[in-house]
Structures are given as C-alpha cells and as structure tokens.
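**Student:** For reference, the chains in residue letters:
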Amino acid sequence: MPTRQGSFKRLVEVGRVVLINDGADTGKIAVIVDIVDHNRAIVDGPTTNVTRQVIAFKKVVLTDIVVKRLPRTIGSKALAKFLEKQQVVETWQKTAWAQKIVARERRAALSDFDRFKLMRLKKQQRFIVDHQTALLKKERA
Amino acid sequence: MANSRTNQLVPGISRLSRSKVFSKRAAYKIAKEAKPKVTKEKKAAAPKKPSTTKDLVNALTQKKKTLVTRSVALEPKTVRKAQRATPLRKSITPGTVLILLAGRFRGKRVVFLKQLSSGLLLVTGPFKINGIPLRRVNQAYVIATSTKVDLAGYKVDAKFNDAYFKKEAQAKMKGTEEEFFGKDAQKKEHPAHKIADQKVVDEKVVAAVAKVPYLASYLASSFALSNGQAPHTLKF
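Chains as they are written, first to last, in numbering that gives the first Met the number 0: chain A, 0 to 140; chain B, 0 to 235.
If we strip away everything but chain A, and leave its shape as in the complex, we get (with noise of 0.2 Å):
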C-alpha cells in the first residue's frame, strides 16, 4: 500500500538545508542545527550571514541539499568547517533554483536603458536564428 509519507522526497533533519523566505534573512540559505517541535527549528548559516536562530518552518522552504553526517546542535564554527568541506554553499549556487533566482533580480534590476540594449540583441538574437531555420526549411523542402 502507497504511503503518504514515501511522497515526500525533502524531510525535515538536521543537515537539511532550507531557504529563508521570510524575515530580514530572506534569499539566504541556512542549515538546520536542531528541531524544536513540529513548528520550528533551530537554523544556522555561519557562511551565508545567517545568525543562530529559532525558525518557524512557514518562514521556510526546504532544498534538496544535506549536510551529511551533521551532528545535532552543531555549533557555528564546526559548522562552516562541515560546510566547507561539503562545498554546500557551491552546490546551492549550481542549482537551476539558485540561478533563476539571481536571473530574476537581475532581470528587475535592470534600467530603463538596460532594458533597450535587452531588446536590441534578442532582436538581432531572433533574426540569425530565424534566417537560418527559413534556410533549412528551403533547404529541406
């Protein structure tokens, strides 16, 4: 019989990294140290400029990334060494999530002249790619 629980592919655990959402760490990513209900963990980000605080799991998102083999209410330093080691915070930036995150803000950064040049190059962009499928269609036909 399928159960629910095999549904859930990101567990709460100490290791797992999760990305705050909320809060003034919002965009960090933080390590979760220690469970302290069903609500709330403890979360440390000592290489992310995120300090040792309980958080609700709401203010919250869980990535796929662990920490492996951490052990419970680590504390900071042996944390980033652990993290180091791991590379955790490489690997999150290597994610297709991390990426159109930083795409996005890129993207709403931009200005007025900014958004001009955009437009510019995907039209010239536009115009080698569909010069040359017409070429292969006349080609082909």
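Do not take every clue at face value.
Derived EDC-like pairs: lysine to aspartate or glutamate, alpha-carbon spacing no greater than 16 Å straight-line [stated by the list, open to error]:
(1) Lys154/B x Glu202/B
(2) Lys234/B x Glu104/A
(3) Lys27/A x Glu104/A
(4) Lys147/B x Asp113/A
(5) Lys113/B x Asp156/B
(6) Lys127/B x Asp196/B
(7) Lys193/B x Asp161/B
(8) Lys234/B x Asp111/A
(9) Lys234/B x Asp113/A
(10) Lys210/B x Asp149/B
(11) Lys147/B x Asp111/A
(12) Lys127/B x Asp201/B
(13) Lys67/A x Glu12/A
(14) Lys113/B x Asp149/B
(15) Lys198/B x Asp156/B
Worth flagging that the hints you see were computed from the coordinates, not collected in a lab.
Dock chain B against chain A, hints included.
**Tutor:** Frame of chain A, contents of chain B only:
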C-alpha cells in the same frame, strides 16, 4: 461623521451660506414692530448717568447695545512664504537622460542640461537624434533615468534662460474676420539664431552620446509600457 449638522464646518466657515441663513431665519415673514418715536418727554425720562452705587450696578448689568469700535486698525496678514523655484530632484544631474511624460514630445527620451531660474528644466534631444530642440520642461512631468551622458566640464551658455524661451506676444485679433477665416498661409520661419544655437549646444552632447553604443538609438526611440510592466516596479 457625515451629515453632522453643527453650525460650523471648520472654525470660521459656517455650514450655511448667507442667503441660506436668510431664508432659514425667514425674518422677512415676521411683521416688524413700528419703532416708537422717542419724544422729548421720554428723552427726559431716560435713565441718567449713574450717580449712586445702586445706579452704577444697574447700569453695568444692562446689556450693552452699542458696538465696540476697534482700537487697533486692521493690518494685512504678513505672508512669510517665499516664491522659489522647485528644488531639483537628486536623481537629475547635467547629462541625465529624462523620459518626457506629457506635452508634444511625450514618451521621448531627452538629455537634461540645466535647471533654469524659473525651476523648469532645460533639455535638448539632441535635435539631430530625435528632433527635440532646446526646450523647457517641467520637472513634474519627467522620469529621471539612471542613464547619464558624460557632459563633464561642459557649461551651458548663460544666454539660455527663461527670457530666451518666452513666447512672443501675438497681436490680438480675436473676434475679427481675419481670425475667423484663418490667417494667411504665413508660416512663421524658425529664427536662424535659434537654429545656430541648437547646433552649438548639441555638438558636445552628440559627441558624448556617440561614445556609448546604442545610446543614440536609445534617445531616438520612445518609451512604452508593454504587457505586464508596471511603472512602480520598474527601475529606470
């Protein structure tokens, strides 16, 4: 609270106007009593100036019917407001590209030169790029973009002031036949000195614009919002 019917809306302003008060009081409906003629006997019988304390008390407790005249003459209010030019937004510096939001050239992008003494902004297309001449523009109808044209060390001639742009007073022809049938096709020629001035001012600006790729075509284009764009979320 709406529909409050107090006599005064705001201290000094009554809810009802003079005419409304008049019609409401309807004093005209009440038959006025004929004023009794004060005969000499009655005048003699009128209360004399109080001499005893009892008379004094009586005199003081009677309601005063005469108006009290002003001891100090009325003076006009001293106005402490000074008329000054609108302060320039921090985002607008010489060389800033502005987007015009109203007027003949709405949507166009222009280069800001300087603020005139009236507070209006002196801008130029440059004329060769987008057809906008040296012109005055109100700061309120302008979006300042973060794009700046490098006009370092370039000082706009002081002759470009508000008087330079002031419209010439036209001979009044209102109500005449000429005005009704339209003036003779006498297209006013643009003064030659203004064309020359434009060239002089634009020379430096065009040179600075040419250094930045795409900037000339950017200034030639118009601003528009496309689907999904909201000006309050856009960065300019």
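**Student:** Now look at each hint and say whether the structure bears it out.
**Tutor:** Now for the hints, and whether the structure bears them out:
Between lysine 154/B and glutamate 202/B, the direct Cα distance comes to roughly 13 Å. Compliance with the 16 Å bound is thereby established for this hinted pair. Distance hint between lysine 234/B and glutamate 104/A is fulfilled; the C-alpha atoms sit about 12 Å from each other, no more than 16 Å. A threshold of 16 Å between alpha carbons decides the hint, and for lysine 27/A with glutamate 104/A the separation of about 14 Å falls inside it, so the pair holds. About 13 Å separates the Cα atoms of lysine 147/B and aspartate 113/A, which keeps this hinted pair within 16 Å; it holds.
Our distance criterion of 16 Å between C-alpha atoms is met by lysine 113/B and aspartate 156/B, whose separation comes to about 10 Å. The suggested pairing of lysine 127/B with aspartate 196/B holds, with an alpha-carbon distance near 13 Å, which does not exceed 16 Å. For the given pair, lysine 193/B sits about 14 Å from aspartate 161/B by alpha-carbon distance, which is consistent with the 16 Å threshold. Using a Cα cut-off of 16 Å, the hinted pair lysine 234/B and aspartate 111/A holds, with the two alpha carbons roughly 7 Å apart.
For a cut-off of 16 Å, the pair hint linking lysine 234/B to aspartate 113/A stands: about 10 Å separates their Cα positions. Note on lysine 210/B and aspartate 149/B: the hinted pairing holds, with a Cα-Cα distance of about 9 Å set against a maximum of 16 Å. With a C-alpha separation of about 12 Å, the suggested pairing of lysine 147/B with aspartate 111/A holds against the 16 Å cut-off. As the CA atoms of lysine 127/B and aspartate 201/B are separated by approximately 8 Å, the hinted pair is consistent with the 16 Å bound.
Of the pairs offered as hints, the one joining lysine 67/A and glutamate 12/A holds, with about 11 Å between alpha carbons and a cut-off of 16 Å not exceeded. Only pairs whose Cα atoms come within 16 Å are accepted, and lysine 113/B paired with aspartate 149/B is accepted, the gap being roughly 14 Å. With a C-alpha separation of about 13 Å, the suggested pairing of lysine 198/B with aspartate 156/B holds against the 16 Å cut-off.
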